[in-house]
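S.K.: Chains as they are written, first to last, in my numbering: chain A, 67 to 418; chain B, 67 to 418; chain C, 67 to 418; chain D, 67 to 418.
Don't take every hint at face value.
Stretch by stretch, here's where chain D covers chain C in the computed footprint (C-beta under 8 Å, at least three residues) [unchecked claim]: (1) 195-206; (2) 241-250.
From the derived model, a few chain D residues whose C-beta atoms are all more than 12 Å from chain C [claimed, not checked]: (3) N100; (4) A138; (5) A184; (6) Q185; (7) R193; (8) A195; (9) L248; (10) E257; (11) K258; (12) G264; (13) M285; (14) R305; (15) T307; (16) E308; (17) E393; (18) G399.
Just so you know, these hints were derived from the structure itself, not from any lab. Cβ atoms here follow ideal geometry from the backbone N, Cα and C, with glycine treated the same way.
4 protein chains.
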Amino acid sequence: MPERTLITGNEAAAEGAIAGGCRYFFGYPITPQNKIPEYMSEHLPEIGGVYLQAESEVAAINMLYGASATGAWAMTTSSSPGISLMQEGLSFMIGAELPCVVINMVRGGPGLGNIAPAQSDYWLATRGAGHGDGRCLTFAPFSVQEIYDLTGEAFPIAQKYRNPVMILADAILASMREPCALRERREPPEEKPPWAIGRGRESRERNIINSLWIDPLAMEAVNLRVQQRYEEAAKNETRWTEHGADTPEILVCAYGISARICQTAVERATEAGVPTRLIRPISLFPFPSQVIRDWAERVKKVLVVELSLGQFVEDVRLAIEGACPVEIMGRAGGVMMTPEEVTERIVGLARG
Amino acid sequence: MPERTLITGNEAAAEGAIAGGCRYFFGYPITPQNKIPEYMSEHLPEIGGVYLQAESEVAAINMLYGASATGAWAMTTSSSPGISLMQEGLSFMIGAELPCVVINMVRGGPGLGNIAPAQSDYWLATRGAGHGDGRCLTFAPFSVQEIYDLTGEAFPIAQKYRNPVMILADAILASMREPCALRERREPPEEKPPWAIGRGRESRERNIINSLWIDPLAMEAVNLRVQQRYEEAAKNETRWTEHGADTPEILVCAYGISARICQTAVERATEAGVPTRLIRPISLFPFPSQVIRDWAERVKKVLVVELSLGQFVEDVRLAIEGACPVEIMGRAGGVMMTPEEVTERIVGLARG
Amino acid sequence: MPERTLITGNEAAAEGAIAGGCRYFFGYPITPQNKIPEYMSEHLPEIGGVYLQAESEVAAINMLYGASATGAWAMTTSSSPGISLMQEGLSFMIGAELPCVVINMVRGGPGLGNIAPAQSDYWLATRGAGHGDGRCLTFAPFSVQEIYDLTGEAFPIAQKYRNPVMILADAILASMREPCALRERREPPEEKPPWAIGRGRESRERNIINSLWIDPLAMEAVNLRVQQRYEEAAKNETRWTEHGADTPEILVCAYGISARICQTAVERATEAGVPTRLIRPISLFPFPSQVIRDWAERVKKVLVVELSLGQFVEDVRLAIEGACPVEIMGRAGGVMMTPEEVTERIVGLARG
Amino acid sequence: MPERTLITGNEAAAEGAIAGGCRYFFGYPITPQNKIPEYMSEHLPEIGGVYLQAESEVAAINMLYGASATGAWAMTTSSSPGISLMQEGLSFMIGAELPCVVINMVRGGPGLGNIAPAQSDYWLATRGAGHGDGRCLTFAPFSVQEIYDLTGEAFPIAQKYRNPVMILADAILASMREPCALRERREPPEEKPPWAIGRGRESRERNIINSLWIDPLAMEAVNLRVQQRYEEAAKNETRWTEHGADTPEILVCAYGISARICQTAVERATEAGVPTRLIRPISLFPFPSQVIRDWAERVKKVLVVELSLGQFVEDVRLAIEGACPVEIMGRAGGVMMTPEEVTERIVGLARG
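Kindly produce the complete structure, drawing on both the sequences and the hints.
M.R.: Right under this line is the structure:
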């Protein structure tokens, strides 16, 4: 068993990326994720990688576009407003069928907002990636270890599906310090993918990376390829965890930092006589609809807990399709609910 | 009855805006909506308005932010990639509780895509507005007259709810020429709203326009105010039309340009012995969920027709919640379905 | 005689511009000239003019380029680093034979420097205007009244010679408050110059504004036209004042704020038994070479006083061509010499 | 004796830079110097150097500022309009006492101009470096070999005087192909200069790189240091060549590409009975004033030949100070004089 080191979520994201094969980083500073670029600026050059601070988030995502086109394993990280600025670039990368990894350490919004934890970029992550029919494959870690693991895995996943992968965490996970088992750093594959364009004067067949398809049928073909990859991803990459009572009365759905609060709440509610089960989606797109649906048919009610005002709940309701009542407990702007409040709500639901 | 003029959708958008009180326009050119800025650049100065071509879409939306803060009635227009670039700015305006009007003449995507018609920015419009819990109030016209009318109405609606309003159309509606009844141009109200900041040395009480709220509870209060306005809007601004058989077997849901195709298809299917009804949402957010739900309970199946690959259908499914089966007929990248194809699908569904 | 008002140099520059016919202002803030844009932002809109804050000095000069091409009477103002950023744009305007007015309230340099008075942009003004053989017609006021007058006159001069005109002052003149006689505001001529391009849909013959001439002979023809205008300007616009002893032993040359110090010094030196004369060039390009040469042949020595380290002195030496010894007294970085120091130096020279 | 390779001026500049120790290149493309960045993009990474294409010339010079502050040996290259855009950055580097190397392959101007050879950036090079009292040390090669040699030498010279060094050539020299003896590539010194700031977490004493000095006396001290270095450079770095008759009647002064034409003309005029001597300054700042003055006192007339309309001639006249008549033969906009025309002019001068 590997040794475990005490590090923050930001450090886990940075080191996880390097361990996973990331060798190019482009970004622009924003709290609460500045430790990631700082870490990358120190450690990437040590291993022959490239760290480049862009002049804006718009620039950063377009640098990612260029680097990824050459087959480089590249990442950018930001927080909510910075991710909004990357929407056009993400759409370009999806249209060009290019992989990349983007981390969003969500802060309270909208606008400048604040630097408190939030989950209000759920749609931006799962329905976002700008205009057109593309989406980001989205994973939501809930611990420092999971940030490390998922960020590392994100690179080969992005390559496999030739699509941006977003890691969606928040301001608390970014700065939280926990023990984390580190793997050996993996080098990205020597051989470039067949679609990559050459760098400099490398002699290879000419590839073209492009998101412009004047002919609608050609453009539709790209879209259908993209959607097919999403279906494949739904088969291979759907992830979740379950926790709590085996014959629950109440099903709680929560992801990321909210799910940590709900773990406690679910235990307490069960102890208090309301058997409760927690489903925590790890992949938000693809979404673990089936398991939620299955459990929803066996419980009295579903409670969705999110640090936003009705975003995540839509995916739950789409999964359940009225099979049982769904209620939402949401906070906004950086406010968090306590385990007590969630417990109370669960118990109330059971009795209501 | 006012005379009717033969104009394009772009001209209707521009003249509709002026008639509705728009006096400030900021934008950056992109096909298929360039006739709007061209029209504004010619006609706004004639009536003392301001037309300013920005150096980018990021700049345009931030100019809108500034103008709107002073109480000006302002608009920008673009097409898909340009709207992606405005996501941060829209979030800032929502956080600052500022009105504005944005027109998106959607083109094929993702990425550069093409300049053919598409509806693949449905999420960008209804779930978009960048990070945080804000959304754009969204209206989807399906004729030149409706572009004219809705764009004009969008200005007082934006002011009333202190929120961006998006008019979502597409490349065909933008260039289609139809007769349109023009109203007299309305001046924006002389009196500035109480929240507006002064321009220059105007003497008035000091207001602060801001989207930064370090205290999460203060930030949450803004969010709750914003959500409350959305609920109000759901009561007052939900719009749709219905068309076709009164005792339908099949319910078709479509909006915008797709709904024009479906009108014909619904008639033909009914004639072919499959009574069919079309519900066309005009407001996409707020969404006419109740009426869709009501009809869904009375039909055999629901067919959702959209020029995208599964976006609009989610709102329909959220409305119906499993009350009856929902199928989707979608095309991507600028490809359109024909009335014949839709008719055939309806008939197939009825028999299937 | 008009009434005199107590205003600062910055206000005199702004009001002088408006009185001279300026109706378009583009600029970016920098100390010590921020009162000019502030004044323009308040007063230009009152008279139907346009004030626009650019996103940078590079943007500002290019907005001037565009506005001037339509025949608009336009100005920008800045201080040293901002003027450096405008060098490319100025060269473009000269190549396109376009008029404009630029005010440089010089601050201590190089680099960020400080906000103290300096004259170290002499070359930037007289040899500057970027690459190619073009130059700015340059005028150097030495009082608030002269700032007002010269800025006003700069507009028709710029139009006459189709060339940028620079007003070169400094941080002290910018903030100094003096009585100033204001004229009535003059409207710019209604009729556009024959070379101007139309604005919007104005019907007029098509003009092309351009600084690209692939054929070297065509490009040389532009240059010869430009030089011919400089020769004309040398005949019509060369300006200076003289002060002091009629049969001087020492000739002092100084311009702008330095000349104010030298006026006192010249009087004191004369009183102290060293008859001294001051020539103060008002136009720096064209330069009053002949009068300086004439006096130089009649004196023992020439003293050049400048708030820079050997810039202005070159024009004096080019005028004198060795006819008598020339010495320089220069300070740098915002430091000023006192009248006493100059007097002492004059007396020393006479005795030396 | 090293072997000689047939290369263009652009390649000589690039390889000369690498041989001289350049390891960082930042630039933005512009004809006629694009082969330099292309060469650097290919060869710098091979030896562990950094090639970065900036988003504009303003960005490029500021990247140079940052790199140089860390002690890196860095270069940018451009052509006339691009150099104009760098004026602010050059002034910042001079104010911060930072070395760098800038190559200007001058093209016809002003404005966009054309891509023909010109020398009309003489002032921009020798009086330029933006606002404040700073200047670029300037060298003007006249052959491919000299481009190679001077570019290589420019790096240690820039370091020695902590000042930008400009290599001033033109469109013909840039693309001309000549044999060139290449030296071995020299590594830049391992030890960073004592004033350099650390890169990343390097442990060293804290240095501050800054061009902001609010106290005018402190700012003047910087200026005096800078001027003192220029005086040192005048002693050590003044360079020129002489060619032609030992007891000349006519002295010709020309630099760079013009001097090549004049070499032939000087020989022909001497053969035609008018003994003529050519002085070709290699360093333009510092300028070889003394040698020009010395010869001027022994000839009948001086002819200045330049591809501009009266720039270089001023330095000649400042050197000669009326010791003999000076005439100028200049062309503009990319037009070149022929050896025949210069010969004719020399003979005419002698007889006139």
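S.K.: Can you tell me if the segment 195-206 of chain C counts as covered by chain D, using C-beta to C-beta distances under 8 Å and a minimum of three residues?
M.R.: holds (count 6)
S.K.: With 12 Å as the threshold, tell me whether D/K258 passes as away from chain C on beta-carbon distances.
M.R.: D/K258 clear of chain C: closest Cβ-Cβ about 22 Å, beyond 12 Å.
S.K.: Mind verifying the non-interface call on D/A184? Its CB should be farther than 12 Å from each CB in chain C.
M.R.: Given that some Cβ of chain C is not farther than 12 Å from that of D/A184, nearest at about 8 Å, it is violated.
S.K.: Determine whether the non-interface label on D/A195 survives the test: each CB of chain C must be over 12 Å from its CB.
M.R.: violated, 7 Å
S.K.: Over 12 Å from every CB of chain C: does D/L248 meet that, or does the non-interface label fail?
M.R.: holds, 31 Å
S.K.: Just checking, D/Q185 versus chain C, shortest CB gap more than 12 Å?
M.R.: D/Q185 not clear of chain C: closest Cβ-Cβ about 10 Å, inside 12 Å.
S.K.: Is the claim that D/M285 lies outside the interface with chain C correct, judged by CB distances over 12 Å?
M.R.: Per Cβ check, D/M285 is inside 12 Å of chain C; nearest 3 Å; violated.
S.K.: In terms of Cβ atoms, is chain C entirely out of 12 Å range of D/R305?
M.R.: holds, 21 Å
S.K.: May I ask you to check that D/G264 keeps its beta-carbon over 12 Å from the closest beta-carbon of chain C?
M.R.: The claim stands: D/G264 keeps its Cβ more than 12 Å from every Cβ of chain C (closest is about 21 Å).
S.K.: Taking the shortest Cβ-to-Cβ distance between D/R193 and chain C, state whether it exceeds 12 Å.
M.R.: violated, 4 Å
S.K.: For D/E308, is the shortest beta carbon distance to chain C beyond 12 Å?
M.R.: Non-interface label stands for D/E308: nearest chain C Cβ at 23 Å, farther than 12 Å.
S.K.: Non-interface claim for D/E257: all C-beta distances to chain C beyond 12 Å?
M.R.: holds, 26 Å
Violated hints for the displayed structure, listed by number in ascending order: 2, 5, 6, 7, 8, 13, 18.
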